[in-house]
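Participant: Following the hints, put chain A in place on chain P, whose structure we already have.
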Amino acid sequence: MAAGEAFSRDQHERLNEAVAAAEEQTGMRFPVYVGTVHGDVRHFAELELAGLRELGDEVVLTVVAPGERVVQIVTTADARRRLSDHACGLATLSMTTSFGLGDLVGGITVGLRMLADATAPPRQTHGRPAPTSSTSTP
Amino acid sequence: MLRARRGRPVSRPRALGVRALFTAVTALGLVVIAPAAAFAARPDVNGVDGHNPPLSVVSGILIFFVLPVGLTLLIALFFLRPGSAPGAQRYRPGRDWTADATWLGVPSREHHHPALAGAETLQHGEERPADAPDVAAAPPDETIGGARGSW
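Going line by line, the protein sequences match chains P and A. Letter 59 of the first sequence, counting from 1, is numbered 59 in the numbering used here, and no numbers are missing. Letter 138 of the second sequence, counting from 1, is numbered 138 in the numbering used here, and no numbers are missing.
For reference, chain P alone in the conformation it holds in the complex (with noise of 0.2 Å):
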């Protein structure tokens, strides 16, 4: 049952933009999800994880439940060795913030800004720099 839908134009903009942003940054992937999820977030966010890896082998995903008002954060194992889970804690933190006022936009920019910065560079493999997406340089 469609309820419409949960960002306006702009806002869409808006996010897209801040996705864009980080993985320009990092060279990494970071999808956000924004819907109601039935069951343990953590397995929905593993699950779903699993069927990203098409995007690449260093994937941030991001999970955001509204109504069960909980934000889950899943790094794959290579992207995890650049951002720290304590790293991703924080932007968790930053984010619940701006989502228990009502700011669903704002917490989602802030904390892709925020593990976009927490992002360590690739590491320097053989003399060459590590995979990363089309945005990085050769």
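A few of these clues could be false.
[Said to hold, decoys possible] DEER-style ranges, computed between Cβ atoms: (1) A/LEU28 / P/GLY89: 50 to 60 Å; (2) P/LEU101 / A/PHE22: 22 to 32 Å; (3) P/ALA118 / A/PRO93: 21 to 31 Å; (4) P/ARG113 / A/LEU80: 30 to 40 Å; (5) P/HIS12 / A/ARG19: 23 to 33 Å; (6) A/GLY94 / P/HIS12: 22 to 32 Å; (7) P/GLU13 / A/ILE63: 30 to 40 Å; (8) A/PRO93 / P/GLU24: 28 to 38 Å; (9) A/PHE22 / P/GLY100: 25 to 35 Å; (10) P/GLU54 / A/ARG90: 26 to 36 Å; (11) A/ARG92 / P/ALA120: 32 to 42 Å; (12) P/LEU101 / A/ALA24: 54 to 64 Å; (13) P/ARG69 / A/VAL69: 41 to 51 Å; (14) P/GLU13 / A/LEU80: 21 to 31 Å.
Just so you know, the hints here were simulated from the structure itself, not pulled from any lab data. Virtual Cβ for every residue (Gly too), placed ideally from N, Cα, C.
Facilitator: Structure of chain A alone, referenced to chain P:
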């Protein structure tokens, strides 16, 4: 449901009705008060001195009733409209979230976990399809990092 100052729940249609009634009373009050001041300042309102032609009934109604009421209704409609972002659901903590599931940063829905395609769009009160898996049954992956928060 909205909350009144004394903690008594007030339904949204009722709150809108109260606001509309307040707007209407204010508008009618202004319609009565504004012409009264004009009449008090002009004892020759009927054109006795010959310089000011008498105001016809139709013109009076248009100027002192239709115009103020129209402007008031226009302003009231501007403020009483459902939301500044048509089609978007505004999130309020503590209330049910019934909007459609939204993905960002994913090219197309084919990238999503196909087994959860039906479950993720379920709304409150809806039954899970028989073929949709229970996400809690999946074993946790220890190599996956991340964090969790609630508000």
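Participant: Given a hint of 41 to 51 Å, does the C-beta separation of P/ARG69 and A/VAL69 actually sit inside it?
Facilitator: Given a distance of about 45 Å, which is inside 41 to 51 Å, the answer is holds.
Participant: Using the beta carbons of A/PRO93 and P/GLU24, state whether their distance is inside 28 to 38 Å or not.
Facilitator: About 32 Å separates the Cβ atoms of A/PRO93 and P/GLU24, which means 28 to 38 Å holds.
Participant: Check the following: the C-beta atoms of P/ALA118 and A/PRO93 are separated by a distance inside 21 to 31 Å.
Facilitator: Given range 21 to 31 Å: holds, Cβ gap about 26 Å.
Participant: Can the suggested window of 22 to 32 Å be confirmed for the beta-carbon pair P/LEU101 and A/PHE22?
Facilitator: 28 Å, holds
Participant: Is 32 to 42 Å right for how far apart the beta carbons of A/ARG92 and P/ALA120 are?
Facilitator: Holds, at about 37 Å.
Participant: Is 30 to 40 Å a correct range for the gap between the Cβ atoms of P/GLU13 and A/ILE63?
Facilitator: 45 Å, violated
Participant: Cβ-Cβ distance between P/GLU54 and A/ARG90: within 26 to 36 Å?
Facilitator: 33 Å, holds
Participant: Take the C-beta atom of A/GLY94 and the C-beta atom of P/HIS12, compute their distance, and say whether it sits inside 22 to 32 Å.
Facilitator: Distance hint for A/GLY94, P/HIS12 holds at roughly 24 Å.
Participant: Given a hinted range of 30 to 40 Å, is it respected by the beta-carbon distance of P/ARG113 and A/LEU80?
Facilitator: Cβ of P/ARG113 to Cβ of A/LEU80: about 36 Å, so the range 30 to 40 Å holds.
Participant: Assuming the hint says 25 to 35 Å, is it satisfied by the Cβ distance from A/PHE22 to P/GLY100 or not?
Facilitator: 31 Å, holds
Participant: Is the distance from the Cβ of P/HIS12 to the Cβ of A/ARG19 consistent with 23 to 33 Å?
Facilitator: 30 Å, holds
Participant: Confirm or reject the claim that P/LEU101 and A/ALA24 have a C-beta distance inside 54 to 64 Å.
Facilitator: Violated, since P/LEU101 and A/ALA24 (Cβ atoms, about 33 Å apart) do not stay within the stated range.
The structure fails to meet hints 7 and 12 from the earlier list, while all remaining hints are met.
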